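K.L.:
Each chain is listed here by its residues.
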Amino acid sequence: MIKEWIKACSQALSSKAKLKQCFSNFDVYKTSFTAVDLELTSLNPSKTQITSVGYVSGIGSRIDLSSCGYHVINTTADLGQSPVIHGLTLDVLQKGENLAQAIDALAPLFQQHVLIFHNARLDLTALNRAFKQCGAPKINVLYIDTLQLALYQLNKQHQVLPSNSATLSVCRQRLGLPAFYEHNALDDALATLQLFLAQLTELGITREATLDCLIHTGAVGRIQLGDS
Amino acid sequence: MTAMAKQVEDFLNTSAPFELLDYDQKHALVKHTELIYLTNENVNDVFKDKVSLFLIQSGQFSVKDSDAPTRHLSDGDYFGYTNIIEKSNFPLSITVDSPGLVYCFDALAIEPLLEIPVIRHFFDGLRNNALQNHAIADSNSMWLYKGLTDAIEKAPVSVDAQTPITVAAQLMTSQKVSSLLVTQEEKLIGIITDRDLRSRVVAASLDTHLPVSQIMTANPAQIMGNRTLFDALALMTEKNIHHLPVIDNQTQVPLGMVTASDIIRHQRGNVLFIIGELSKAENLYELTRLSWQLPHYFSAHAKKAGDYDIAGKILSQATDIMTRKLIGFFQQANGKAPMMFAWLVYGSQAREDQTMGSDQDNGLLLAERPSEAQSAYFSNMAQYVCNGLAKCGIKLCDGNIMASNPKLRLSLDEALEEAKQWVKAPTKDAIMHFNIFLDVRCAAGDISLFKHLQKRRAPLMQQNMFLAALARHSNEISVPLSMFQKFVYEKGRKQKDLIDLKTRAVALINNIARIYALADGVTLPNTLARLEALSERSQLSKRDATNLRDIWLFLNRLRWRHQLENKVTDNRVSISSLSSIEKHQLKAAFKAIERTNQAMVMKFSGGVS
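Top to bottom, those sequences are chains A and B. For the first sequence, this note's numbering gives the first residue as 1, with consecutive numbering after it. For the second sequence, this note's numbering gives the first residue as 229, with consecutive numbering after it.
For reference, chain A alone in the conformation it holds in the complex:
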């Protein structure tokens, strides 16, 4: 399965020109963004399951707090050590929603908005599997990874990256953003969106710019979800 994902991914990336064309349609400060964060049962992409999903949308640098969404999924997967991290224990999860309900809420946003993740790879793998599990229609999504944006900046400054220098909270700290309540999917999503906006300023993105100005950072991508 992972092979297929890589294949899909490389297909998308292989045509860099196509990617550039996709992203050049978006004025940075007029684009609708949705930041998404998943809490997962494990960090192993091949078997991880979603326990909760949080998201928030905004247009340009305005984050609309009324768009905040949060779903706890009644997953049956082995939770492993994950409750220690995100605090979602079995009894909380049992009261949660079906995965399909959450995907139904997300799918319309995914079609219309550019998605923002901190560490897109893991979350996209889990989402791709979730789309398939639910039999949701395939959709193409455009995404930007704040982790990659941070690494792009860090690599300019360091030969060897200090450990933990690209976690969400450390990246935020570096850009003077306030501390936040970590490891809740909604809080992480909101924190990610704020980080993205601060990164745009750090990169000196001007108000006339279009999103293809981020392509050289290697942090943007296009992928099909629900592909089998």
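If you are wondering where the hints come from, they were derived from the structure by calculation, not from laboratory data. No false leads were slipped in.
Cβ-Cβ distance ranges computed for the label pairs, FRET-style:
{"#": "1", "chain 1": "B", "residue 1": "L336", "chain 2": "A", "residue 2": "A105", "range": "24 to 30 angstroms"}
{"#": "2", "chain 1": "B", "residue 1": "G720", "chain 2": "A", "residue 2": "P83", "range": "48 to 54 angstroms"}
{"#": "3", "chain 1": "A", "residue 1": "Q111", "chain 2": "B", "residue 2": "L336", "range": "29 to 35 angstroms"}
{"#": "4", "chain 1": "B", "residue 1": "T230", "chain 2": "A", "residue 2": "S169", "range": "20 to 26 angstroms"}
{"#": "5", "chain 1": "B", "residue 1": "N241", "chain 2": "A", "residue 2": "S169", "range": "17 to 23 angstroms"}
{"#": "6", "chain 1": "B", "residue 1": "Q403", "chain 2": "A", "residue 2": "E97", "range": "58 to 64 angstroms"}
The structure presented is a predicted model; accordingly, all values stated were derived computationally and were not measured. The C-beta atom is built at its ideal place from N, Cα and C for all residues, glycine as well.
Got chain A; can you put chain B on it based on the hints?
P.N.:
Here is chain B on its own, set in the frame of chain A:
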């Protein structure tokens, strides 16, 4: 359904007045809230479409949102409320000093919240403060303007209206109070006093098992907790009463009672009272005893910015009085002085900006060169006064700038000759030495002698070469900011974030004011008075002078607060102890001082520095 992120809830919970809202109210508010990452790129676009209330979570911004002057704001600060409260449409003008997150609450969601009195009150307060930002309240008797909530010391002693008279009287005895608040459902409905028990119970042989409501004074005069002692005093005098219940202005719940004896107690703590007592002191012992109450007075009563503004002046006045008393005591014991003299004070005492750590700087000006016997008389007098001041808590001067030093007891002719030497050879060392003598005031003795000296000395000191040398000297101190506008802290201190506000900033303003004053022929020693007195001809613009005055007052407040809060006498203020807005203001103040200082050096030294 909208979910509320924990960080949003946490932020609202720590932001007055929204912490008062319950979860549902916060949730409803968040539905009409945007969070903007405000930068130079988007600052001109984001505020156009609708009226909102803004709350800064991070970053620094210069904002003009009403007729009040531009404000420098950072985390925790609001703006845009004037438009909502006044239903006006003042265009926002914002400069991003450092980008950050700003909460943006739709006016439509805020307006209903303003119906809640506490919230309305909060924003009304903000609005009024913004307008009064520059008005420096000159409260000569600070105790009178103390808020009642600070003045009442005891929790309210109250009984329910149905309580029997005996029980109420027992409570008064056990609580050692002379009056009781009578309440019904927590609201005040009456009071009873010792006198009521005497005249309405004992004298009338009333049954003491009756409820207190039978003997209380119903609907008594009352005052809101947000008023001042002065208001209470006025009301009590007007109604001829000795007990005045204090009520919370929001909830109407009684907070306590102000009594005539409370007022007398506060009056005893009044500095004017101490100064009055100082001038009545009949001997050294009484004088020292009273003097030692001064630090106590300041730490107990100076709370507001306006208090700090006059604290230096009060301390200098007190020192003047001590000096005059001491000279009087000496003359009582040793006879009248053999010739005219003036007791001169220098430095901070002359400028009237003494703080608790200031040491004494003084000297004597004599009408003529003294004979040996006359010289001995003044030597003894100076010894006595300087030591007396030290006993009163005004430290002896480490640099020996005291009248007890024979070099500082000059005749008028010698003093003039000395000034000529200063002007003739204003070397770096010489300036270091005589700078302090340029701020001078006559605190005791014959003021005409001193005026005579000043009149003859002023033209000398207006000479360009002399002013140029002073300006160059001032340029050798720089404000504690690095090239990248970061604070530069004192080196070699255990605590790493200290800045000496006196030597690194206040002294610079004093220098600037002194040099412009000398150039303009202004002989006043006080920095603020000098800035005020500069004539139209002065090269310092009115705007810069006003700006320097505000900065001087701001720095002065910071160092007084530092001394009183930490019970120290130095001026090394810890930057991390300042609020974020104060840090912001301090940085702006340093930059302004630096600019004005540079301009002065250019003007007076012709750019050679």
